[in-house]
Amino acid sequence: MHKYVLRRVLLLIPVMVGVSFVVFTIMFFTPGDPAKILLGERAPEAEVQALRTQMGLDDPFFVQYARFVTNALRGDLGRSLTTRRPASQELFARFPATMQLAAAGVLVAVLIGIPIGIVSATRQYSLFDGASMVIALVGVSMPNFWQGIMMVLLFSIYLRWFPSSGYGTFAHLIMPALTIGTSSAATITRMTRSSMLEVVRQDYIRTARAKGLSEHLVITRHALKNALIPIITVVGLQFGYLLGGAVLTETIFSWPGVGRLMVDAIRQRDYPVVQGGVLLLALTFSVVNLLVDVLYAYIDPRIKAQYK
Amino acid sequence: MKTEADNVVTADVDERQQGLPESDAGRDTAMQVLTDTRRGRSQWAEVWRRLRRNWMAMFGLAIIIVIFFTAIFAEVIAPYDYRTQNLRRIADPPSREHLLGTDDLGRDILSRIIYGARVSLQVGFVAVSISLILGGTLGALAGYYGGRLDNVVMRFMDVLLAIPSILLAIAIVSAFGGGLVNVMVAVGIATIPVYARIVKASVISIKEQEYIEAARAIGATDLRIILKHILPNSMAPIIVQGTLGVAIAILSAAGLSFIGLGIEPPTPEWGAMLSSGRHLIRRAPHVATFPGVAIMITIFALNLLGDGLRDALDPRLKQ
Chain A
1 MHKYVLRRVL LLIPVMVGVS FVVFTIMFFT PGDPAKILLG ERAPEAEVQA
51 LRTQMGLDDP FFVQYARFVT NALRGDLGRS LTTRRPASQE LFARFPATMQ
101 LAAAGVLVAV LIGIPIGIVS ATRQYSLFDG ASMVIALVGV SMPNFWQGIM
151 MVLLFSIYLR WFPSSGYGTF AHLIMPALTI GTSSAATITR MTRSSMLEVV
201 RQDYIRTARA KGLSEHLVIT RHALKNALIP IITVVGLQFG YLLGGAVLTE
251 TIFSWPGVGR LMVDAIRQRD YPVVQGGVLL LALTFSVVNL LVDVLYAYID
301 PRIKAQYK
Chain B
1 MKTEADNVVT ADVDERQQGL PESDAGRDTA MQVLTDTRRG RSQWAEVWRR
51 LRRNWMAMFG LAIIIVIFFT AIFAEVIAPY DYRTQNLRRI ADPPSREHLL
101 GTDDLGRDIL SRIIYGARVS LQVGFVAVSI SLILGGTLGA LAGYYGGRLD
151 NVVMRFMDVL LAIPSILLAI AIVSAFGGGL VNVMVAVGIA TIPVYARIVK
201 ASVISIKEQE YIEAARAIGA TDLRIILKHI LPNSMAPIIV QGTLGVAIAI
251 LSAAGLSFIG LGIEPPTPEW GAMLSSGRHL IRRAPHVATF PGVAIMITIF
301 ALNLLGDGLR DALDPRLKQ
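Chains as they are written, first to last, in the numbering used here: chain A, 1 to 308; chain B, 1 to 319.
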């Protein structure tokens, strides 16, 4: 088991090196001169050139990339071109808000998705099942930025229940969490239902029923426990999806997270922040996937046995 | 005598069977397919027959066809030109002249949504084609040749998968700028790994079949085997993923336009229209509402069709 975890952690290194290369390459070919952005359009050419040399912008591609990676390993992602503060500082200051939002979104998705999925599976083809499947499909089909705006319209403007934007209290969290979590809730509902249906057909469920266990016990103890494995994978993947979706949701609700910081940075051509943001979110996504895989191995004895 | 290696193989097969339990219903349908094929119906006629019985999928297909025709005949259907501004009628609510009202520049929203169908469908299908061609080629090569090529390609796919796809698309568009072409390319590139993985998986499952061996024995080239024998037999998962992929691509493109990184005005793009209505949400909520409804209906229809195709193409998965 330890060997498995260690191997997975070590596999993370080449993936992150690859991600840093992709991100660096994209940003390297971005038109626009960072030195000019820093000094302003009207700066004298000599000054711009001096700064370029100082920043190492005239070095060959691979020299610059190597410098970027070694600096990134020390937690140095360069300086923001607009605030002049270290990009890592800017990003880490916003990181907790994004994690909070993504975690709340996953929580919403799990709390809605799993129970509805179970009930739908146990009452396959019932009215409840049909209705929840249609609603789930609508949930996946709704663009979350539109849903966010519609929720602001309904809950902030008409009903005045929640603030339309901002950060800090529980009331501020509700609408962004629902916005970001809805499509994941729908995905998890569908996954839970099909996974449960798959499991309920197995022989051991028939055995459990045959030996006279209550339906409740059969579902919770025998079926759910086995159905949960693919569901956990989906939940893990959804977390990554939410980190990406945070960019849109944070923009709507003025949520002070990494996503909104990146959108602002893109508008101002502040490429160290964009670069660092993609890197940070990709690392988080990979770490979450790793945790899910480890958890997966932990709850599934069949996988655990392979690495004993 | 049974060796240890044999045991390992048997255990492996057992596990696979456990992973893919074939239900009784599935077996029945499989038998059905078999008898139908014997009667001389082609595989695709059979798929179509099964799809036709699924009214949800047909409903989805009908909506998509309507949207397609709307896009093609936009000039005929739209009551106004999508560029015509009427500064005396800014953000007017729905009325008889303007069924869905007007936007922040006094343009007819219904007309813009009709023309917008063109943009969204184009983005969806072109982006999926890009990722299908690139991802499919990479996946087919990796699956067919295996070995080091497989390793290099799939590790690169792992890297791309480690970046949430919308973030990757945002990074690409932020570097190379917005606009229709860049958005299609960015959204397409961001989903390459999905198709590479699917195609690779089906190529691996097919390449050991006897008919591939037979083709090789009569001297068919690798390219011919991949294009003529393997690809047609791995279409099922590709079609399903492609249909759902169009939905995802349309959503991503709309999202990019929403944060101002996508398709630029005055092109009527649904995400951008929604975004321009955001600051009017208190005074004229209809400006942001209707483009969102258009996106939702389109995605909903594509999802219905995609689900239906999945059931029709792979009876084993039907529940």
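Some hints here could point you the wrong way.
Said to hold, decoys possible - Okay, the calculated beta carbon distance ranges per label pair: (1) B/N86 x A/Q89: 47 to 55 Å; (2) B/L134 x A/R42: 54 to 62 Å; (3) A/Q124 x B/L105: 46 to 54 Å; (4) A/A171 x B/R283: 36 to 44 Å; (5) A/L39 x B/K228: 53 to 61 Å.
Read the hints as simulated data drawn from the structure, not as lab findings.
Idealized CB from N, CA, C, for every residue including glycine.
In this structure, is the beta-carbon distance linking A/L39 and B/K228 contained in 53 to 61 Å? For A/L39 and B/K228 the Cβ distance comes to about 60 Å; the hint holds.
Consistency of beta-carbon spacing, A/Q89 to B/N86, with hint 47 to 55 Å: holds, 49 Å
Between the beta carbons of B/L134 and A/R42, is the distance compatible with 54 to 62 Å? Because 43 Å falls outside the window, the suggested range is violated.
Quick check: does the Cβ-Cβ distance between A/A171 and B/R283 fall within 36 to 44 Å? violated, 25 Å
Within 46 to 54 Å or not, the Cβ separation of A/Q124 and B/L105? holds, 51 Å
This entry does not satisfy hints 2, 4, going by the numbered hints stated previously.
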